[in-house]
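*Asks:* Go ahead and model the full structure; you've got the sequences and the hints to work with.
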Amino acid sequence: MQAHFDVIIIGAGHNGLVCGALLAKRGKRVLIVEGSAATGGAAGTHEFAPGFRASTAHLLHLMPRALITALGLEQQGLRFAATRMPTTALSAEGNHLSLAADAVAAASPADAAAYPAFTARFTRLAGALRPMLGAPPPRLGTDAWSDRIALLKLGWQVRRLGRRDMRELLRIIGMNAYDLLEDNFSSPLLKGALAFDATLGANLGPRAPGTVLTWLMRQALESADGNTGLAQPVGGMGGLTDALTRAATAAGAEVRTGTRVERVLVADDRVTGVVLGSGESLLAPVVVSNADPKTTFLDLLGPEHLDTGFVRKVDHCRARGVTAKLHLALDRLPAFLNLSQSALKGRLLFSPSMAYLERAFDAPKYGEHSAEPALEITVPTMNDPTLAPSGQHVLSAVIECAPRDLRAGWDGSKDAYQALLLDRLEALAPGLKESVRAVELLTPLDLERRYGNRGGHWHHAELAFDQFLFVRPVPGAAQYATPVQGLFLCGAASHPGGGVVGENGRLAAQAVLAKAV
Amino acid sequence: MSGANGATKSYDVIVVGAGHNGLVAACYMQRAGLNVLVLERNDYIGGAAVSRSLYPEFTYSNCSYVCSLLRPEIMRQLELPKHGLQIIPYEGGCTMMQDGNHLALYDNHDALRREISRHSKRDAEAYDRYSRDVMRQCKFIKPLLLREPPDPTSFKWRDINELLYIGKRFHNMGEERMYDTVRFWTMSAADFLDEYFESEIVKAHFAGSSIIGTALGPRSPGTAYVLLHHYMGDIDDTVGAWGFARGGMGAVSNALGSSFKASGGTIREAASVSKFLVRNERVVGVALDSGEELYASTVMSNMDVKRTFLETMDAGDLPSEFLDQVRKFKIRGSSGKLNIALDGLPEWTAIPKGSPCTRGDMHITDTLDMMERAYDDWKAGRWSQRPYVDMLIPSQIDPTMAPPGKHYMSVFVQYCPYELADGPWTPEKRKAFGDTVIDAIARQSPNFKSLILHAEIRTPWDIEREVGLTEGNIFQGELTMDQLLFNRPIPGYAQYRAPVRGLYMCGSSTHPGGGVMGAPGHNAAQAVLRDLKKVA
Amino acid sequence: MSVKETELPHFKQPLLRTPFHNRARELSQHDSFVAWAGYTTVDVFTTPEQEYFAVRNATGVFDLTPMVKYRIKGPAAGRYLNHLVTRDVAKLKVNRVMYTVWCNDNGHILDDGTLFRLGEDEYWLCSAERQIDWLLDAAIGYDVTVEEVTEQVAALAVQGPTSCWILKQLGLAGIEQLKPFDIGRFAVEGVEVMASRTGFTGDLGYEIWMPPDKAEFIWDRLMEAGRLRGIRAIGSQALNAVRIEAGFLMPHYDFVSAESTVRLGRDRSPLELGLDWLVDFKKGHFNGRRALVAEQARGVARRLVGLDVAGNKPAHSALLYTEESGRQEIGFVTSALWSPTCKRNIALAIVNAPHFALGSKVWAEIYLNRELVWERRMVQAEVVEKPFFAPERRRVTPPADR
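Those protein sequences? They're chains W, D and Y, same order as listed. Using numbering that gives the first Met the number 0, the letters of the first sequence correspond one by one to residues 0 to 516. Using numbering that gives the first Met the number 0, the letters of the second sequence correspond one by one to residues 0 to 535. Using numbering that gives the first Met the number 0, the letters of the third sequence correspond one by one to residues 0 to 401.
These are computed hints drawn from the structure, not numbers from a lab. Hints are supplied without guarantee of correctness; some may be wrong.
[What the hints assert, rightly or not] Capping the alpha-carbon separation at 27 Å, the derived lysine-lysine pairs in DSSO-like fashion look like this:
| no. | chain 1 | residue 1 | chain 2 | residue 2 |
| --- | --- | --- | --- | --- |
| 1 | Y | K72 | Y | K213 |
| 2 | Y | K282 | W | K514 |
| 3 | D | K155 | W | K152 |
| 4 | Y | K282 | W | K293 |
| 5 | D | K352 | Y | K11 |
| 6 | Y | K11 | D | K405 |
| 7 | W | K293 | Y | K167 |
| 8 | D | K167 | W | K152 |
| 9 | W | K514 | Y | K213 |
Bear in mind that the values here come from a model prediction, so they are computed numbers and not experimental data.
*Replies:* Set out below in structure tokens:
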């Protein structure tokens, strides 16, 4: 049989596109297959009401500058509608707090000195982890020198911090965000907002150990040299993935949308290609999956090609989505109580205290959605009017927490939940409900149905210590290669994790080039 | 060294606090030829390992109540059996459920398999995999217990060597088990147990030891380690076995005290230390509440770090950064305790007649959710409305605890906060807390309330006041990742030495942490002996 | 799922009793019972020697009810099993049995056992260990049901030169037509039983599978049918002797399940146990295949072999050395026996590379307790072919009557 392609990539999410573009640039014949009609996955922009467009992942802040440059995304049309977007911590009473250092100092004198000092040190500590996030995780217990050197490098990065910082990093890395913030700050609003960032993407409230780790990772990527801070591409996140798509095709990759992969073909313990939903077989010695591990291994590949111990690990990989997304089409700008219009160009967090956030995360433990949700709100049309008809607006909100497996089931509960969310928003921005023209609420179950990520978790595999680095997503598949020769992972469940990072795709491409073709 | 006839006796080492770790350390140092004085605030020794007679003819282990973590090496080296210590293993264990069913744990493997099979046949067999994996991890951790943790930031030969030792042991586990270690040390007990069991009651039963004494719920990452920590004990080479000290937990302290005195050591009770005396950045002795001053060039504190450094020292004697870290040390109390004298043996509706499973630890809980909600209550600053209860009736096995036919019952309660959201503890609130627990037990035992002769109710606040454990935390500091191994108690000070020369720490605040294990005392003594060149 | 209770609750009587328990107790002169897979079974009825010779000379009857049995059913049963075990299950025809092993991801043996194909999509897996936990995880993604049926089936092994004759007497008409590893269905006075020409003795023999409530009835009829041909109940000691002669492996003696090892390096692969013939690398992927491919390429580090030991003292638990001086340790004996039939001192042993080649000479360190005085002997042993005893009658169809 003759191979049609060198590499077939399943899924044109941002990681699949990054991987495909990089491999195509290296002269590989690449095919990127996408089940939906458009590329981008959760990092795309979709029309949720006539004339109103929104992105499920609504802020770009983790993708390394170097990757954007290497892929020539700006040449491919990537423009930013906003960068370094400020964050405002909302309070129900209207005593909002801007997270800019001078604003914090003014609002909370007790935190005036601590905040910049803490941020500087935290950024420094996070910086020590950055090289690790941009390199493939080493394997443990092997005799390979490459793994040993990688481990030593990891140790060296931490050691380079110097004794004081190293000790502090080794102490806080296993801590919970709650205690760390409690030790350093006094303003509940400040602590609540910072804890929100620490827990976003985890399935753990701020009191859970491990939430400093997730926060450090976020900080490491966000604070890298040349990064744009919180940014909003023109055209929404789809602006980024469209540029990625163009970069891939420009490099010679073929992108086929509306084409579902049915399964991965294996012969003689080697991947040979994929079978499409249409029944057509496409041949390639390498297949890279942008899908989550359960979909990849259990559905597309099938357990018959894997050992039971490995299947057991895949089965145990946790991906319980607790984050929902709300998109509102508004006929006018929302008026938040006591909030300047310019703040709407930035990000609004509603997590008024750590106890509040902790309670929001308590609900899903019992299969309930939180009655008092924590919110991350943007009004993307403030920076990019093209996303809505003239003079009208989009409100985009990330919602913590609503579990995929709602005990009462989503079918009968979604309307009530939507009403609850609108009531909460109305309380923060009186008059908002009246201006709502259309609503799109995506529960984790909806996200799963739309993007095919089993469990409905944004990061395909929850970010936690035991699903991090060389154990992400599962031991035996943490270095992008899988037990089946020629099959690789590049999705959010691989190292370094979820969010619009793109490093997963880059490192997977590197692994493909090193191991195969 | 020693003066004539004790009149002006001077000491090489003063140990502050006659808890089990202080006594263990004192024994080792005395046996190595140092002259050691142990000072105890109470008029009895033992700290939290005590047997107390608070009701006529009854003996209460009114704080700690089980003995399994005490390292066998220590028992042997200090000749504790010769000094009267006998450890009798549990004969079972069980968890009672609200619906009248139960899960029992039996020593006999076949009985156990059939018992778990009543709830899930699959879990009965998964239990073997679970025990094996836990055993593998314990085999890795155990040798580390009696060793001084290395300082990973140090370039000293000793630290590098120790890191290599740990690294080598880790490497020798093989790739798969290394990942297991990484995962088990960081997972939540709930996630950990989910990987083995399907039945709620089986998971709830094993999750019990993951929350005992901790300020975390079973769904909090890091609790799988606490679970492992409780498996670290062994009785006569049976890993994970739990037992009673004959005569109550005071028997441990008394044997230690006796061993110490037999080797020439001195204990002074009712001698409360008010201050560590520091001159020229060196400890020189202690001052007592009475104003008396005692001098020694080496002083060791068995108190927790907060009590040692924040309450018994002048801030000026310590580096400010160190003090700051001590203030940040997490030591929240989360457990309560009831000690009950019973007129007879309670009947349990959930337990079949004749089952030996009551001759061990008995729990009341149904599901992980129930335990997690109990934790949610604690987070909100109230005691658990449906608490996790760990009961023990040692007098069924140990004839010394109560008159014939009558029984002593120890009830450990998780969770109970040190500070209540609605203001300080009062006698009324303490009683209400006790009633919550007694009601929970009475729901499982119709005759329980009528059997109660006397009940002592202890909240974390009481435990702090009586035993001196800050915030009533039974481990002298939470067992979370940021407070384990080289981070315990304070990064950079995990090697038992305080920032002031001559001052050492030996309490459970130090590695490897709480439980009546004795390892911190042993390790601290080794540090002193090494510094004084008493050993190679 | 509930476990069938004995008269006393499990916390008073932890071991189950097989349906033959009352009959066995009547015959057991020593009252010598041992625990086996959660049941109590007879170790010795009269003497191990008498029972041993019953198998080699007439017929021994062994209660193998405690053998763990799983019923595996469903459209994907064959594919599921082919992924589970090392042999090619596609080659197993309906009404045939195969001996096989199954491994974990590392290619280390979890258990060995026999696989019965009872129908197009229905199998039995008989094993030494309970392992529903593994079997169910292995079923992820397969349309198959796995159910333990140990307590729903009673079983007797009827083994020895007169076994075919006795079973014919019992009324199993046509049993002589069963070839080794065949399955047949018969009726004894209207009671349906299944018989397979299988066993753990290396001799002519059958295993009879029946409903538990008919167990005593079949036992009685069988003993009556064999009365004139030397039938005798045997216990596990005698069975152990004959299985060593046959070169069969016994879990817990010759290997331990990789599911139960705590220490590194205690697991065994089928290649190490000399079971290469059970591993079909050509059939596609199966559990442990990748690890076994790598091990085969690397060469095994140790191997289980047969030893012919000098002298007549069984080399129980003996350590093995290259030289009489005992300087270099190269392995250990796992099972040992003075074979009464072969008149050889035989053993199964794990021997490190390269000393496991046929014909290699090693030294065994044997400790003997002679009137309470322990003596140490260094004796030579040679790596020899297994099985030690393999009579032609085990294969002949139809078998002779005696």
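*Asks:* Determine for every hint whether it applies to the structure shown.
*Replies:* Hints, verified against the model:
1. Y:K72 - Y:K213: 25 Å, holds
2. Y:K282 - W:K514: 26 Å, holds
3. D:K155 - W:K152: Given that 27 Å is the threshold and the Cα spacing comes to 20 Å, the pair holds.
4. Y:K282 - W:K293: OK: Y:K282 and W:K293 at ~25 Å, within 27 Å.
5. D:K352 - Y:K11: Holds. D:K352 to Y:K11 sits at ~11 Å (cutoff 27 Å).
6. Y:K11 - D:K405: 25 Å, holds
7. W:K293 - Y:K167: 55 Å, violated
8. D:K167 - W:K152: Holds: D:K167 and W:K152 sit about 18 Å apart, inside 27 Å.
9. W:K514 - Y:K213: 62 Å, violated
Checked against the numbered hints given earlier, this structure breaks hints 7, 9; the rest are met.
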